[in-house]
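Got chain A; can you put chain B on it based on the hints?
One line per chain: the protein sequences are A and B, in this order.
Using my numbering, read the first sequence as starting at 938 and increasing by one per residue.
Using my numbering, read the second sequence as starting at 938 and increasing by one per residue.
Among these hints, one or two may not hold up.
Looking from chain B toward chain A, a few residues come up when the C-beta cut is under 10 angstroms (computed) [stated by the list, open to error]:
1. 1140
2. 1147
3. 1167
4. 1168
5. 1173
6. 1176
7. 1178
8. 1213
9. 1214
FYI, nobody ran anything at the bench for these hints, they're computed from the structure.
Idealized CB from N, CA, C, for every residue including glycine.
Protein chains: 2
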Amino acid sequence: MGPGPDALTAIGKWPKVGYDKLVMKMILLSTALLLCAGSASAAIQSKVIEYPQADATLAGVLVWDDSISGLRPGVLVVHQWLGITDYEKHRAEMLARLGYVAFCADIYGKDSRPKDPTEARALTTKYKSDRPLLRARVNAGLAQLEKSELVDTNRIAAIGYCFGGTTVIELVRSGAQLNGIVSFHGGLDSPAPADGRNIKCPVLICHGADDPFEKPEDLAAFENEMRAAKVDWRLIKYGGAVHSFTQPNPGFTDPGARYNEKADRRSWEDMKLFFAEIFK
Amino acid sequence: MGPGPDALTAIGKWPKVGYDKLVMKMILLSTALLLCAGSASAAIQSKVIEYPQADATLAGVLVWDDSISGLRPGVLVVHQWLGITDYEKHRAEMLARLGYVAFCADIYGKDSRPKDPTEARALTTKYKSDRPLLRARVNAGLAQLEKSELVDTNRIAAIGYCFGGTTVIELVRSGAQLNGIVSFHGGLDSPAPADGRNIKCPVLICHGADDPFEKPEDLAAFENEMRAAKVDWRLIKYGGAVHSFTQPNPGFTDPGARYNEKADRRSWEDMKLFFAEIFK
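Same shape as in the complex, but just chain A (with noise of 0.2 angstroms):
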């Protein structure tokens, strides 16, 4: 994803010059486009957009770069527990400034935002305890990124936050068609493993080693499942980082869900790089 066509084109637009100056000018100047290429000034936007699922109506967020043109890559963005914040917002704009086209996807409803992580625990229940209800609201969300006009609809991914990773999951889990997915701390447990065997892309977990939300037999289960169901998997497991490490305001305060810099910034790498090898 570089600067479009139109960048190099303003090139020829440039007054006439003396030879060597120019010589020097198209040199440093083409090699700053090209440098810059992954930080091309960007012109982010973003807009709410409502979407039913049954009879609830949902309320997501599309972030794009208007300043490139044509079809992009799509991710879909899965929210933790407190539903779309300004978190999740934050990191559609990182994926708009890669050069993708994001949905912030709404599992809870518009008029469902957890006022502290009292009620956010009861959603995440609810959904939890409910899978069909939870794979049909986050397919939902898919299929409303995928009307996107700017996307390229065989070139979607998804990734999630905490519960969010878990829903991503259960989105492939459910036989939803992505070429990836990534967790960030996301729950891997399943009350039905079987459906394992449903997950035809790569799927990449980010894992805080020392996350103790997360049970060994649940990792263990999880790890089962995808061999059973010769899943393409991965695992990475950041040393020294617990639950919510990619999050500095987790909306509470536990020993066990902590931001942690070095994991945050690897993850994301680690996802880039994921991202490279699905989308090539």
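Using the frame of chain A, we list chain B on its own:
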């Protein structure tokens, strides 16, 4: 690591042509130069270097790209159980093409090249049973790498395969100061886990999720060693990969040791990302 200043300077020697053609050529060529920076025409050189450790004479192989100039990071490459083979030299060449100086360390000694798995097993058993000797041998290799006049001794990493993976972990357990190490399908067990406290650099473990040669208890003990010593570590499990997943010709037939193209490619990319971090 891109083309040196000479490559860009050479552009100034182009014949003078019409303005439009010049503009087009400047854009196309400087674009090509930059996009191809990672694969700039390389002149890979190598030489065998004999060096001592106590009474033993070891014979390693130094590999570098002499089309680039100046100091560059050094990477020690430690062999699998068959000793230095074409496999290790090929990895060293791959590293040299990335712009590093690579040195294939010799652990066994110049006259000790096992002919078959039986001899190889006897040697690995010898060194894994005598960790002080193993550490002395690998430290001798590190010292030799650092003697190269091409190496920036402030930027040193070590990588190793199978037995060599174990060995690079022993290197840092011994207190050697490096910027980072990468173990590919290395044995992770340690007879002296308290020595983990000597590890002061980032550690990347690339592990086959189905490696039957690495016992779950050894894996767990390794993680606990890292935790207890507060090492900056991460471990990647590649789904579907067994032992020797980077090695197309492991030298023996065993369903527990098999090449895995995806895990090979991905672990190499993971190593490159790790190097980008530790050498930045």
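Right, here's what the structure says about each hint:
Taken as an interface hint, residue 1140 of chain B checks out: its beta carbon lies about 8 angstroms from the nearest beta carbon of chain A, inside 10 angstroms. The closest approach between the C-beta of residue 1147 of chain B and any C-beta of chain A is roughly 7 angstroms, which is under the 10 angstroms cut-off, so the hint is satisfied. The interface hint given for residue 1167 of chain B holds, since its Cβ lies 7 angstroms from the closest Cβ of chain A, which is under the 10 angstroms cut-off. At about 6 angstroms, the closest approach between the beta carbon of residue 1168 of chain B and any beta carbon in chain A falls short of 10 angstroms, and the interface hint on this residue holds.
Because the closest C-beta pair between residue 1173 of chain B and chain A is about 5 angstroms apart, less than 10 angstroms, the hint holds. The beta carbon of residue 1176 of chain B is positioned within 10 angstroms of a beta carbon in chain A (closest approach about 4 angstroms), and the interface hint is therefore held. At its closest, the beta carbon of residue 1178 of chain B sits 9 angstroms from a beta carbon of chain A; the interface hint therefore holds under the 10 angstroms criterion. A hinted interface residue such as residue 1213 of chain B counts as satisfied when its beta carbon comes closer than 10 angstroms to some beta carbon of chain A; here the least separation is about 8 angstroms, so the hint holds.
A hinted interface residue such as residue 1214 of chain B counts as satisfied when its beta carbon comes closer than 10 angstroms to some beta carbon of chain A; here the least separation is about 7 angstroms, so the hint holds.
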